[in-house]
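Protein chains: 2
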Amino acid sequence: MTPEAAFIAALKGLASHPAARGLADDCAVLEVGGETLILTHDMMVEGVHWLAGQDPADVAWKLLATNLSDLAAKGAEPIGVLLGYSLAEDNSRFAEGLGEALAHFAVPLLGGDTVSNPGAQTLGLTALGRATCHPVPSRSGARPGDSVWITGPVGAAMLGFEALSTGNTSTDTSAYRRPVPRLAEGRALAPLVTAMMDVSDGLLLDASRMAGASGVTVSLDPALIPFPADLPLERARDAMAWGDDYELLFTLPPDTAPPCPAHRIGSVLPAGPAPLLLGGAPLSGQLGYEHG
Amino acid sequence: MTPEAAFIAALKGLASHPAARGLADDCAVLEVGGETLILTHDMMVEGVHWLAGQDPADVAWKLLATNLSDLAAKGAEPIGVLLGYSLAEDNSRFAEGLGEALAHFAVPLLGGDTVSNPGAQTLGLTALGRATCHPVPSRSGARPGDSVWITGPVGAAMLGFEALSTGNTSTDTSAYRRPVPRLAEGRALAPLVTAMMDVSDGLLLDASRMAGASGVTVSLDPALIPFPADLPLERARDAMAWGDDYELLFTLPPDTAPPCPAHRIGSVLPAGPAPLLLGGAPLSGQLGYEHG
Numbered sequence: 264m265t266p267e268a269a270f271i272a273a274l275k276g277l278a279s280h281p282a283a284r285g286l287a288d289d290c291a292v293l294e295v296g297g298e299t300l301i302l303t304h305d306m307m308v309e310g311v312h313w314l315a316g317q318d319p320a321d322v323a324w325k326l327l328a329t330n331l332s333d334l335a336a337k338g339a340e341p342i343g344v345l346l347g348y349s350l351a352e353d354n355s356r357f358a359e360g361l362g363e364a365l366a367h368f369a370v371p372l373l374g375g376d377t378v379s380n381p382g383a384q385t386l387g388l389t390a391l392g393r394a395t396c397h398p399v400p401s402r403s404g405a406r407p408g409d410s411v412w413i414t415g416p417v418g419a420a421m422l423g424f425e426a427l428s429t430g431n432t433s434t435d436t437s438a439y440r441r442p443v444p445r446l447a448e449g450r451a452l453a454p455l456v457t458a459m460m461d462v463s464d465g466l467l468l469d470a471s472r473m474a475g476a477s478g479v480t481v482s483l484d485p486a487l488i489p490f491p492a493d494l495p496l497e498r499a500r501d502a503m504a505w506g507d508d509y510e511l512l513f514t515l516p517p518d519t520a521p522p523c524p525a526h527r528i529g530s531v532l533p534a535g536p537a538p539l540l541l542g543g544a545p546l547s548g549q550l551g552y553e554h555g
Numbered sequence: 264m265t266p267e268a269a270f271i272a273a274l275k276g277l278a279s280h281p282a283a284r285g286l287a288d289d290c291a292v293l294e295v296g297g298e299t300l301i302l303t304h305d306m307m308v309e310g311v312h313w314l315a316g317q318d319p320a321d322v323a324w325k326l327l328a329t330n331l332s333d334l335a336a337k338g339a340e341p342i343g344v345l346l347g348y349s350l351a352e353d354n355s356r357f358a359e360g361l362g363e364a365l366a367h368f369a370v371p372l373l374g375g376d377t378v379s380n381p382g383a384q385t386l387g388l389t390a391l392g393r394a395t396c397h398p399v400p401s402r403s404g405a406r407p408g409d410s411v412w413i414t415g416p417v418g419a420a421m422l423g424f425e426a427l428s429t430g431n432t433s434t435d436t437s438a439y440r441r442p443v444p445r446l447a448e449g450r451a452l453a454p455l456v457t458a459m460m461d462v463s464d465g466l467l468l469d470a471s472r473m474a475g476a477s478g479v480t481v482s483l484d485p486a487l488i489p490f491p492a493d494l495p496l497e498r499a500r501d502a503m504a505w506g507d508d509y510e511l512l513f514t515l516p517p518d519t520a521p522p523c524p525a526h527r528i529g530s531v532l533p534a535g536p537a538p539l540l541l542g543g544a545p546l547s548g549q550l551g552y553e554h555g
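Each protein sequence line maps, in turn, to chains C and A.
In terms of my numbering, the first sequence opens at residue 264 and continues consecutively.
In terms of my numbering, the second sequence opens at residue 264 and continues consecutively.
Treat the hints as calculated values from the structure; they're not laboratory data.
One or more of the hints may lead you astray.
No farther apart than 16 Å at their CA atoms in a straight line, the calculated lysine to aspartate or glutamate pairs in the EDC-like style are these [stated by the list, open to error]: (1) C/Lys275 x A/Glu359; (2) C/Lys275 x A/Asp318; (3) A/Lys275 x C/Glu363; (4) A/Lys275 x C/Glu359.
Only part of the chain C face toward chain A is listed, based on derived beta-carbon distances under 10 Å [as the list claims (entries may be wrong)]: (5) Ala272; (6) Ala283; (7) Leu293; (8) Glu298; (9) Met307; (10) Tyr348; (11) Leu350; (12) Glu359; (13) Leu391; (14) Phe490; (15) Leu494.
Since this is a predicted model, take the numbers as computed values, not measurements.
For each residue, glycine too, the CB sits at the ideal point set by N, CA and C.
With the hints as constraints, model all of the structure from the sequences given.
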């Protein structure tokens, strides 16, 4: 067991409240008054979650976008965010980018904390949303016979990261720098899906997690998986294992069509020896980005 | 303007939602579903907010306690917390301490995130509570003629910190290691106070902030300020400037008595040239801990 796995196992022992969903979901789901609140907190660390030297405005955008993506996977409407910020030499670009992103997604900044930090810059963001439908989608509802879908291609963030880290300026890097959470799609899908999550750690790993949480096997057809037009064919496996795409992965009951653009990429089978099949075969090796 | 002050000024421009209270309060105060939610997020950094080598169980306790103290200052009842955790070599003591603290304060862990971090260990915690009375106390309601009170002594955390950092084992260090947020006191006081906040950054600095937010002058009587029994007389000024005590500082209208044990330490005057007077005189030099 890795140190992270051991720590998370210990935390799961503490998270017995039903709102915590056993820490097995992207968000907490909490009944308060007459509303169902959706709560998530994601961190980002310099050199781990972004490249040292990246424009802080893009980092701010991504910090907000990744948290809103967790809300999108619950079909939630964002209410507001709290920021945890460790000061850097230049903080003005971060504030600019945060302002731009908050305005773009129409989400208010509600509070937070600012600290000095002698090490790597470390950021946290808590996003709060309200559920728009009940039950709130989870990872664990996929059933044999369901179809498996994704809202868009995987691999664009990988290509953007690679271009950014090699200084290649001819490739569009915005998918890596400024991901767009699928908030509208999440809300449209939430009443229909049997399971939903965002693809933040790579399609293969996240699909395998959905299979595990649902107690099923997910079978993906590699010929159906959408990739960016400029992805070299031999990079398809890498694109499926790379994270940061923030598309929504979801399952639908038989004969249900998605209410938004989406790609059917596979089907749900009764639980077999492997949680995930790709082209009918189980996978070996690292499936994706174990955060981290 | 320090980099932190400039950044916070930029954030204030983004925090126009009334729930943010202009980022001038300890918490966001948000109406949701017929309830009034109280939200706070505080960070702690190794070597900045705790001593390298301190027991991680105490760090976990303090991370929870400092956030609950912000809820206490609003008279709020805790609902739950989200943890942002960067992995260390040994994470098990942190999990133990967190479990102990969550159980002690009867607060559920709802979610969070775990990351690797090549630099100083950096922690964040978001605490969510519900208001128990309306209006929710703020820093800005102190009025001339009010009396000024504190729920307990200042300086015990300073003595604990000094003993811990010098290896002096004859002094009780628990006030520094395991502060106890004044949740019950905050709830009892909330319906009565004109202003309330916790003393996290030092009595003098925090009293001066309350005066500034309220547009008044706070006049403290040094003879009335409570100190721990073992504080040397010549350390009184240090104790008033040191933070980490997490007592509640509050103001009451004339002829109102506090419903819990508390010490009357001064009075509120119309705004004069200085926001804070000690023994009738304005103060110079650093008032307290500018976080940080």
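Hints and how they fare:
The suggested pairing of C/Lys275 with A/Glu359 holds, with an alpha-carbon distance near 12 Å, which does not exceed 16 Å. Under the criterion of a C-alpha separation no larger than 16 Å, the hint pairing C/Lys275 with A/Asp318 is inconsistent with the structure, at around 22 Å. With a C-alpha separation of about 14 Å, the suggested pairing of A/Lys275 with C/Glu363 holds against the 16 Å cut-off. With a C-alpha separation of about 12 Å, the suggested pairing of A/Lys275 with C/Glu359 holds against the 16 Å cut-off.
For the restraint placing C/Ala272 at the interface with chain A, the shortest Cβ-Cβ distance is roughly 9 Å, inside the 10 Å limit, so the hint holds. At a threshold of 10 Å, the smallest CB-CB gap from C/Ala283 to chain A is about 5 Å, leaving the interface hint in force. Below 10 Å, beta-carbon pairs count as interface contacts, and C/Leu293 has one with chain A at about 7 Å; its hint therefore holds. Look at C/Glu298: its Cβ gets to within about 3 Å of chain A, closer than 10 Å, so that hint holds up.
The beta carbon of C/Met307 comes within 8 Å of a beta carbon in chain A, closer than 10 Å, and the hint placing it at the interface holds. For C/Tyr348, the interface hint holds, since its Cβ comes within 10 Å of a Cβ in chain A; the closest pair sits about 7 Å apart. Against a cut-off of 10 Å between C-beta atoms, the interface hint on C/Leu350 holds, since the closest Cβ of chain A lies about 6 Å away. Hint status for C/Glu359 relative to chain A: holds, with the closest Cβ pair at about 8 Å, below 10 Å.
For C/Leu391, the suggested interface contact is upheld, since its CB lies about 7 Å from the closest CB of chain A, less than 10 Å. For C/Phe490, the interface hint is violated, since its Cβ never comes within 10 Å of a Cβ in chain A; the closest pair sits about 28 Å apart. The criterion of a C-beta within 10 Å of any C-beta in chain A is not met by C/Leu494, whose closest approach is roughly 28 Å, and the hint is violated.
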